[in-house]
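Going down the list, the protein sequences come from chains A and B.
For the first sequence, my numbering gives the first residue as 1, with consecutive numbering after it.
For the second sequence, my numbering gives the first residue as 299, with consecutive numbering after it.
For the record, the hints were derived by calculation from the structure and aren't laboratory data.
One or more of the hints may lead you astray.
Below are the SDA-like pairs computed for lysine to any residue, each with C-alpha atoms no more than 25 Å apart in a straight line [unchecked claim]:
no.	chain 1	residue 1	chain 2	residue 2
1	A	111	B	309
2	B	409	B	350
3	B	544	B	516
4	B	425	A	57
5	A	258	A	245
6	B	303	A	101
7	A	18	B	473
8	A	258	A	244
9	B	425	A	8
2 protein chains.
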Amino acid sequence: MKEIKFIENIRARAAAEKDVIAGIGDDAAVLKHDSKQHLLWAADMLVEDVHFSLKDASFNKIGRKAVAVNISDIAAMGGVPKYITVSIGVPPYVKIRNLNNIYDGIFKICKAYGICLVGGDTNRSGKLVIDVSIIGSVEKKRLVLRSAAKEGDIILVTGPIPDGRKTHFDFTPRLKEARFLTGKYKISSMIDISDGIAPDIGRICCQSGVGCVISEEAVPLSEGLSIKDAFYYGENFELLFTMSPKEARRLFLDLSKKNSFKKVFFVIGEITNKNKGMYSRGKEGVLKKLKMEGYRHI
Amino acid sequence: MKEIKFIENIRARAAAEKDVIAGIGDDAAVLKHDSKQHLLWAADMLVEDVHFSLKDASFNKIGRKAVAVNISDIAAMGGVPKYITVSIGVPPYVKIRNLNNIYDGIFKICKAYGICLVGGDTNRSGKLVIDVSIIGSVEKKRLVLRSAAKEGDIILVTGPIPDGRKTHFDFTPRLKEARFLTGKYKISSMIDISDGIAPDIGRICCQSGVGCVISEEAVPLSEGLSIKDAFYYGENFELLFTMSPKEARRLFLDLSKKNSFKKVFFVIGEITNKNKGMYSRGKEGVLKKLKMEGYRHI
Chain A
1 MKEIKFIENI RARAAAEKDV IAGIGDDAAV LKHDSKQHLL WAADMLVEDV HFSLKDASFN
61 KIGRKAVAVN ISDIAAMGGV PKYITVSIGV PPYVKIRNLN NIYDGIFKIC KAYGICLVGG
121 DTNRSGKLVI DVSIIGSVEK KRLVLRSAAK EGDIILVTGP IPDGRKTHFD FTPRLKEARF
181 LTGKYKISSM IDISDGIAPD IGRICCQSGV GCVISEEAVP LSEGLSIKDA FYYGENFELL
241 FTMSPKEARR LFLDLSKKNS FKKVFFVIGE ITNKNKGMYS RGKEGVLKKL KMEGYRHI
Chain B
299 MKEIKFIENI RARAAAEKDV IAGIGDDAAV LKHDSKQHLL WAADMLVEDV HFSLKDASFN
359 KIGRKAVAVN ISDIAAMGGV PKYITVSIGV PPYVKIRNLN NIYDGIFKIC KAYGICLVGG
419 DTNRSGKLVI DVSIIGSVEK KRLVLRSAAK EGDIILVTGP IPDGRKTHFD FTPRLKEARF
479 LTGKYKISSM IDISDGIAPD IGRICCQSGV GCVISEEAVP LSEGLSIKDA FYYGENFELL
539 FTMSPKEARR LFLDLSKKNS FKKVFFVIGE ITNKNKGMYS RGKEGVLKKL KMEGYRHI
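Next up, chain A with everything else stripped away, as it sits in the complex (with noise of 0.2 Å):
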């Protein structure tokens, strides 16, 4: 609870200003842009030894996850990425060639995503530390928020939950999943799960005063994955989100059609009375307490 509780903090005394629509506590900032879009803005720190070590990725995979975090950051608020910038820490033993391959796994990626490279810094550090910056954009009736699921709301996922540990270089940001659901559908919270299931609806639920019943029958779990891994693990980059049962099954009709959006989305679970806490259910309705911590980077 140590971060979040750190977080907290920092975030009630961050100084509240007209033109942020939302500050610390989201997946981006949200700021005033013109009438029709706002600016996301969002930045993730990728540290060695911590989030990948040397020994299990090329450099060109660290550069490409180092971006494509960011990209899921932007995902989670219906938004879509423009802009970013790089800094860097480069130990003695990374060399020029292999900061050439970090910079392939970034403009390969950017270029996938129409993402345009305009800033960064670059240092000397004791190990690799790669903080990428994101700009990007939202049109307003898109935007998601953590802070607006409702009692009674149903609980998805965008697909089944992937093993972080093994495909947290290699995973594909869910922009397009995210912007066919702002598109035509209101959805009322959204996060990429970045820590796991449980912190990452645990941070929906305090931000929007609500509780929580996760099914764990439902979880759609990728082989070998255990449901403990699923709640507490993370860096699978899903999204997770919620939306009324009225959108719901709007939505599911319509995937129903022939020739709509070719994706599965999964109900896991529903929004609850704050009183009521957050859980899950496992079999024979066995309620047990989610927890808030996930693979804490700090």
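Model the placement of chain B on the given structure of chain A, informed by the hints.
Chain B only, in chain A's frame:
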């Protein structure tokens, strides 16, 4: 030269985009915003044992500096800082109370400059790393790039060059000076002296396609500072800028009036033809080639 070549390479690979007025290679990226203003966006990373040591500085000062260097980037473009995000890598020996002290420093300088903290990322790390990303705005007519210095322009600095080794935690970003200058005069190029006068005027020369001569005797040194350190140490964050002799005359005439802006600007050299290269003129008129290498962080 490695960093410069590497950054040139990255810059050549970064895709051009119509909404990007200026990308990699200036103090901040310049993005289209509306009919009157551009958006400025910069990022600067501070790494423990590269930019600071925990023996030399309080956590408070480290937090302050992480923001101050970014304000300086926005000042160098002629703009006004507005928002920051803070990504931080926290080693085990930095405790929550230390982290709160870092944020004390961050919030204090943010308040002084009217900046709003809107997001960030907190992680574990081997060493303390702080990467601040800043967004500012600039009126189109005030925007100053590094690329428009012209042969015959004179080169100025915003004040006596402090000893960066002693002042780099406590320097005042020259925002007031930059706003004064860009509000009334045509500044052809500007940069903050983070790496030393030589590499920093070198950046202007490279990007403007010009040469320069700096008069060693004209460089205003703070007590005890050598001309070598003024040229090659950096971390002093005065602004170095260029303007036509006509504009400079107008500036100095205005400054000589009663009730004028209270500041002395120093002429330290002039912009020459590219073919003439980059030189300093020492005692007895001896010309010495200026080098691009400064106190490099990579």
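Hint by hint, here is what the structure shows:
{"no.": "1", "hint": "A/111 / B/309", "verdict": "holds (15 Å)"}
{"no.": "2", "hint": "B/409 / B/350", "verdict": "holds (23 Å)"}
{"no.": "3", "hint": "B/544 / B/516", "verdict": "holds (20 Å)"}
{"no.": "4", "hint": "B/425 / A/57", "verdict": "holds (21 Å)"}
{"no.": "5", "hint": "A/258 / A/245", "verdict": "holds (22 Å)"}
{"no.": "6", "hint": "B/303 / A/101", "verdict": "holds (16 Å)"}
{"no.": "7", "hint": "A/18 / B/473", "verdict": "holds (23 Å)"}
{"no.": "8", "hint": "A/258 / A/244", "verdict": "holds (24 Å)"}
{"no.": "9", "hint": "B/425 / A/8", "verdict": "holds (24 Å)"}
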